[in-house]
Amino acid sequence: MVPLRASVKAEGMDELLQEFIAETQETLEALASEVVAWEADPSDRDRLDAIFRFFHTVKGSCGFLNLPRFERLSHAAEDVLSEIRAGNRTADPATVSAVLGIMDRIAELAEAVAIGAALPDENDDYLIGALAQRDEGAAEEAASAVEAVRQSGVQAVPRTIRLPLSLIDQLMNGVSDMVLARNELSRKLRERLSDPELESAFERLSTCVADMRDAISKTRMQRVDRLFTAIPRMVRDLGRELGKRIDLILEGGDVEMDREMVEMVVDPLTHIVRNSIDHGIETPEQRRAAGKPEAGTLRLQARQSGNQIVIEVSDDGRGIDTGRLVEKAVGAGRLSRDVADKMTEADKLDLIFQAGLSTAQAVTAISGRGVGMDVVRANVERIGGVIALHNQPGRGLRIVLRVPLTLTIIPGLIIRSGGLHFAIPRAAVVEILHDNNETLHVAQVGGAKIATIRSVRHSMIDLEDVLGMQKPDQAAPRAIMVVRSATGVPFALGVAAVDNHEELVIRPASPLVMATGVYAGMTLPDNGKPMLLLDAAGLANAASLPNIADDRASAQSDEHEVSAAKVEMVSALRFEELSGEKRLIKLSLVERVEDVDARLFGRSGGQAFVRLDGRLVPVANGVHAFATSHVSALRLRDGRQEACYPVAAVLDIVEMPAVPDMVAMHGSLSGVTVIDSEHLEVLNPFALFAALPDGPLTERTKGRCVLVDSQDGWTREILAPLLRQAGHDVVLGLPEEQAVDPADVVFCSDGDMSHAAEILGCRVVQLRASPRPAGPQDSSIYRYDQEALMAAISGARG
Amino acid sequence: MDQLYLLATLAGTRVAVAAQEVEAVVRLAEISPVPGMPRHVAGLSALRSRVLTIIDVPALIRGTPTPQAQRGFAIIADISGHSYGLMVDAVHDICQVPEGDLPLRGQLNRAWTCYAKAIVEQDGQPHLLVSLASFIETGLMAQAA
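Chains R and B supply the protein sequences, listed in that same order.
Each residue of the first sequence is one higher than the one before, starting from 1 at the first, in the numbering used here.
Each residue of the second sequence is one higher than the one before, starting from 1001 at the first, in the numbering used here.
If you are wondering where the hints come from, they were derived from the structure by calculation, not from laboratory data.
Bear in mind the structure is a predicted one, so any value in this text is a computation, not a measurement.
Glycine included, every Cβ here is placed at the ideal spot set by N, Cα and C.
It is possible that some hints are incorrect.
To be verified - Which bits of chain R does chain B cover? Going by a derived footprint, with three or more residues having C-beta under 8 Å, they are:
#: 1; region: 251 to 260
#: 2; region: 431 to 442
Stated by the list, open to error - Here are the simulated distance ranges between beta carbons:
#: 3; chain 1: B; residue 1: P1103; chain 2: R; residue 2: D254; range: 56 to 66 Å
#: 4; chain 1: R; residue 1: G63; chain 2: B; residue 2: P1103; range: 37 to 47 Å
#: 5; chain 1: R; residue 1: M212; chain 2: B; residue 2: Q1107; range: 55 to 65 Å
#: 6; chain 1: R; residue 1: V445; chain 2: B; residue 2: T1064; range: 30 to 40 Å
#: 7; chain 1: R; residue 1: H501; chain 2: B; residue 2: T1064; range: 45 to 55 Å
#: 8; chain 1: B; residue 1: A1118; chain 2: R; residue 2: N123; range: 34 to 44 Å
#: 9; chain 1: R; residue 1: D473; chain 2: B; residue 2: T1064; range: 28 to 38 Å
#: 10; chain 1: B; residue 1: R1105; chain 2: R; residue 2: L16; range: 33 to 43 Å
#: 11; chain 1: R; residue 1: D211; chain 2: B; residue 2: L1104; range: 55 to 65 Å
#: 12; chain 1: B; residue 1: Q1125; chain 2: R; residue 2: L198; range: 54 to 64 Å
Claimed, not checked - Residues of chain R placed beyond 10 Å of chain B at every Cβ, according to the derived structure:
#: 13; residue: T207
#: 14; residue: L532
#: 15; residue: E581
For reference, chain R alone in the conformation it holds in the complex (with noise of 0.2 Å):
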């Protein structure tokens, strides 16, 4: 494990000696891979000098800093080395281990000092003496465990300061709370009426605040090459303890991850390795029996993916053997063999991440004990992270994890239960339902809840029950989400209600509240009030939920796949409505589709109707009015009525099956169908054309108006339109064969000519060209009185 920075206490402790252990530790670490590196290849005179200067500044140090055990040991391991660089010795396995062993000895002590421990009183003449042994018979044994470790990527050394671990959280917490203070005040701002200055102000606060915040993030960020830093040194000690060859490749140490991160998946990623080493790699006879090259080829890999790290570990070894994890799981009676027989290769991959199950032949004392892989899914998913497996049985195995670029701010749902606030995880969150909705049923057995939606079975937990919270009754339906980790089966959680969504800041909660394996962090949102970041692993765990998912459901589906040809598929027609919704509507029914003039719709005793072929046809859906001169309409027809449906547009033909998908009998809805993932309600024609009037409509005359003025420019061009525009049914001229009907309204300009009409028993409006009346027996209207002129024409009608 790539040891913490432990607090050095101030206690009476000497500036000096705490930058000496510090830097002392710190060069450590980097130094074993150089150590192992140099190694491999022992030509590389560069290393050699490195690793030279570091047990020579360390037996600087030590004179004036009065640390004679650092000083004998750095002493011993400098000679050793002098040697080497002299070229009287040359670097066998042996003494490359010594060397090794004495660096672990520093750093033992270095801790101990740092912690302000006793020293440990273990014998370092041992290790010395290790030094001066010469392994004679090594010099004729096979090369080096470690092949070679090739690093690809640039080592520069960046120009850096050391700073305490203190200090930089404080800022990461300065500018946390700087992001929620810009946030109210833009809530603030939206509230209070818009003044541009202030908004433009506001921006470039903005901008700063979104700056300094990436700035800050990076501070937190670390390069994975300290992930890395440990992996080559127990690779080669692995190697050697079993007998193997590897050949280690480390590539995108320059790849940066949050520091947290880092420290969270150091172990699960150590693991890994010991397990490939272990289990994974043959012995270098194997390898050669299987055709493979002797040494077995590790790689590891970290790169960037979108806001996630991607590290792959992959090996050219066995592989792992499926078949066997299987029989070991039935034979420890996990597993029943109807259920073994009918798992599929990623299912039979899975249970290598159950807890106590282990296909190693022996139980060494690196792995093989079985309790590994569930506690490294384990801890890989507490930070947000996955893990994934992609196995080659007699060809090796590639281990991916992928965990998130930051933790501190999630998108997450704030839900209210018991009367408190919670918050959850976006991400972890499949679906929310209201517990009235259709498609959910609850049943209750022996105290265990299931929540089945859509025909998909789950584990129902309400969170009052699993917190131990009061759940009162509520008048409001209650909010049900169905939740999961991020490899976790999915179950329905029961919550008094889902408030809001937010970005929030997570902070680390204390280890109490961590403890109880619920909560993941806490958040402090703008209310002040703190609030706890719920885990849903945990809570599936306080619930003991079984982890199984609902493989009848799916299997199911499958059927009903296989079986969905047999389904009746009928074709139906897809259109839009004129209020938007897309709709079905069976294809049988539609007679044609035809673009009609607006104008010919109208409404007469409460029925839509439309002037189509020279007779009236209702319409099915009420409309009348429409924005555009042309409308695309349906006409429909059930054998012997037929109606008219007017639609914003008709979009294409589809097959939908007969019976909808969601039968929901409502109005003018059959219900709803799912076609191309997207859900359309159907059109139920029984209710369309039971609601049709029965007999024929017919129109209430209205008037006409009659323009005497037939051959009158302004009579045809500027009366006739307004006129029909108004909705009027216009005739130019006195109409000869038919009579003036009473109910029409003639319009002339000459005052004989109203006489006249008056005579035929109609209402007559007279029009005048001038605005003033030419005197006061004048009761001609203005011809651009539009007020006057349509009230005499309404008011003329009886």
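On the provided structure of chain R, position chain B as indicated by the hints.
Here is chain B on its own, set in the frame of chain R:
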């Protein structure tokens, strides 16, 4: 040894805390409860922009949670990187005690044995010297049990 001590009353008993363990003393504001916690953890409270875990120390000693009305002051401390507020009945003084701490004498109540390390005398009155960290650690162990 010229140590600075904070003298307070905790669960009706006179106590002393080494001043260097104490970051601040504040009047308790609103506490947001954390469901699922043992009773001696009162909840979380915000102090400016920090979130403190509030420990009901009298509850640890007495075994019953302190009622809302009696919640007075809290000592703010940073222990192992986390911020805590430890409830006390009252805070009296910060003073130097020239003779430092004295060994425990007499038969201590079982409730105090995990926490009291020594005795500090001031004005002729003995105060139990307690370490704030001990309240946190014992709490953890009690939780694990």
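Do the hints match the structure? See the list:
With 0 residues carrying a beta carbon less than 8 Å from a beta carbon of chain B, the region 251 to 260 of chain R misses the three-residue requirement, and the given coverage is violated. Here's how the region 431 to 442 of chain R fares: 0 of its residues keep a CB closer than 8 Å to some CB of chain B, so the rule of at least three is not met and the hint is violated. The hinted window of 56 to 66 Å between P1103(B) and D254(R) holds, with their beta carbons roughly 57 Å apart. In this structure the hint that G63(R) and P1103(B) lie 37 to 47 Å apart at CB holds, the actual value being about 41 Å.
Distance hint check for M212(R) and Q1107(B): the Cβ-Cβ separation is about 58 Å, which falls inside the suggested range of 55 to 65 Å. In this structure the supplied range 30 to 40 Å holds for V445(R) paired with T1064(B), their Cβ-Cβ distance being about 38 Å. Remark: the range hint 45 to 55 Å for H501(R) to T1064(B) is contradicted by a beta-carbon distance near 39 Å. For A1118(B) paired with N123(R), a C-beta distance near 37 Å keeps the hint of 34 to 44 Å intact.
In this structure the supplied range 28 to 38 Å holds for D473(R) paired with T1064(B), their Cβ-Cβ distance being about 30 Å. For the pair R1105(B) and L16(R), the supplied restraint of 33 to 43 Å holds, since their beta-carbon distance comes to about 42 Å. Checking the proposed 55 to 65 Å range against D211(R) and L1104(B) shows it holds: the Cβ atoms sit about 57 Å from each other. Our hint of 54 to 64 Å for Q1125(B) and L198(R) holds, since their Cβ atoms are close to 60 Å apart.
With a closest Cβ-Cβ approach of about 22 Å to chain B, T207(R) is found to remain outside the 10 Å limit, as its non-interface label requires. A cut-off of 10 Å between C-beta atoms contradicts the statement that L532(R) is not in contact with chain B; the least separation is 6 Å. For E581(R), the condition that its CB be more than 10 Å from all CB atoms of chain B holds, with the nearest at approximately 43 Å.
When held up to the earlier numbered hints, the structure conflicts with 1, 2, 7, 14 and fits the remainder.
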